[in-house]
Amino acid sequence: MDLEGKKILVIQTHGVDTPTRTYSPIYYAMAAAAMEMEVTVWFTMNGTNQLRKGVAEMIKLDPSSNVSLKTMLEQALDSEVRLGVCQQSLNLWNMTPEDLIEGVEIMGATSIIDLALEADHVMYF
Amino acid sequence: MGYAKVNECIIPTDLHIAVKDNTWVRVNEDGTVTVGMTDVAQSLAGPILHAKSKSPGTARKRGRPIATVESGKWVGPIKSPVSGEIVEVNEELAANPQLLNTSPYKKGWVVKMKPNNLEADLADLQMGEEAVEAYRKKIEEENIPACSHIEGTEDYE
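Taken in sequence, the protein lines are chains E and S. Positions in the first sequence are counted from 1; adding 1 to them yields this note's numbering. Positions in the second sequence are counted from 1; adding 30 to them yields this note's numbering.
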């Protein structure tokens, strides 16, 4: 099957309060990007809070490893995964655009609807 | 087979190396090329858990993925250093993906390809002392940690 150019939308609603739910969606997004798909990860609800500067560095599933959630997010961006955050969910966490790590796009609710309709598959976490 | 060691990373001097993408090319007598990933790549990835190559018959332009590899901390493509068609994949990697770690330049080869623009592609790769120096620069500039080698790693001789 030719997967190249297929579009995957990953919706991440889990954040720093549930660290074990943070890594896998990013990892799957990187896998899809490695398989030549166009991938967007959309952070909303609790998912938004992992994008606050200085936070993802603190989340390490394996304390003996030097890999943090920040490493994963940076690797995803290096793999050309698009990271988007819901504008409205920033307010939920008293965050401003300046609080976000670099490379994250702020999008409105209409954008997520467009992305969902354009995607070949949506993965919801 | 000659090699140099930079920051504990083995850099063969007899292979064509795409330093940017951490891959290598060996030109075979039958006109095919063997492609794999470098010691630096295996060390950055850590122990590989899965490797999945594109099927024989797949045409690839240079820079497109010939395989995807997964470790506990990373998943990404191995980018083809040449343009051409995949003619053979290393079937052993499916059962034993850590050959990529223990023998990146020999048993851990990834695919064989029939190149279609080899002369031009090789001109953009580096070999010998030039490759070693390019890697030395990359390792310094990108702050790449010293290469680590898992148990069972074979010597490159």
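What the hints contain is simulated information worked out from the structure, not anything from laboratory work. The structure presented is a predicted model; accordingly, all values stated were derived computationally and were not measured. Wrong hints could be hidden among the right ones.
As the list claims (entries may be wrong) - Some chain E residues flagged as far from chain S (calculated, every beta-carbon gap over 10 angstroms):
(1) M73
(2) E106
(3) D121
(4) H122
To be verified - Restraint ranges, calculated between C-beta atoms of paired labels, are given here:
(5) G76(S) to Y125(E): 43 to 51 angstroms
(6) L62(E) to H179(S): 44 to 52 angstroms
(7) S25(E) to K82(S): 40 to 48 angstroms
(8) K91(S) to S25(E): 30 to 38 angstroms
(9) P64(E) to N147(S): 44 to 52 angstroms
(10) E59(S) to D100(E): 31 to 39 angstroms
(11) D185(S) to A110(E): 35 to 43 angstroms
Said to hold, decoys possible - Calculated Cβ distances over 10 angstroms to all of chain S for the following chain E residues:
(12) K7
(13) Y28
(14) D63
(15) V68
(16) Y125
Just so it is clear, CB atoms sit at the ideal spot from N, CA and C, and this is done for glycine as well.
Can you let me know if the beta-carbon spacing of K91(S) and S25(E) is within 30 to 38 angstroms? holds (31 angstroms)
The hint says 35 to 43 angstroms between D185(S) and A110(E); measuring C-beta to C-beta, is that right? For A110(E) against D185(S), whose Cβ atoms are near 58 angstroms apart, the range 35 to 43 angstroms is violated.
Reported absence of Y28(E) from the contact zone with chain S (all CB gaps over 10 angstroms): violated (6 angstroms)
Does the Cβ-Cβ separation between S25(E) and K82(S) fall within 40 to 48 angstroms? For S25(E) and K82(S) the Cβ distance comes to about 18 angstroms; the hint is violated.
Per the stated criterion, does the least C-beta distance between H122(E) and chain S lie above 10 angstroms, as a non-interface residue requires? holds (18 angstroms)
Over 10 angstroms from every CB of chain S: does V68(E) meet that, or does the non-interface label fail? It is violated; V68(E) is separated from chain S by about 4 angstroms at its closest Cβ, not greater than 10 angstroms.
Find the nearest Cβ of chain S to the Cβ of D121(E) and say whether that gap is larger than 10 angstroms. The claim stands: D121(E) keeps its Cβ more than 10 angstroms from every Cβ of chain S (closest is about 18 angstroms).
44 to 52 angstroms as the expected CB spacing between N147(S) and P64(E), which holds or is violated: holds (48 angstroms)
Any Cβ of chain S at or closer than 10 angstroms to K7(E), or is the non-interface label fine? holds (14 angstroms)
Take a quick look at E106(E) and tell me if its Cβ sits farther than 10 angstroms from every Cβ on chain S, holds or violated. E106(E) clear of chain S: closest Cβ-Cβ about 22 angstroms, beyond 10 angstroms.
Given as non-interface: M73(E), partner chain S, CB spacing beyond 10 angstroms: violated (8 angstroms)
Please check whether L62(E) and H179(S) have a Cβ separation lying inside 44 to 52 angstroms. With Cβ atoms ~24 angstroms apart, the hint is violated.
Violated hints, listed in ascending order, are 1, 5, 6, 7, 10, 11, 13, 14, 15; each of the other numbered hints is respected by the structure.
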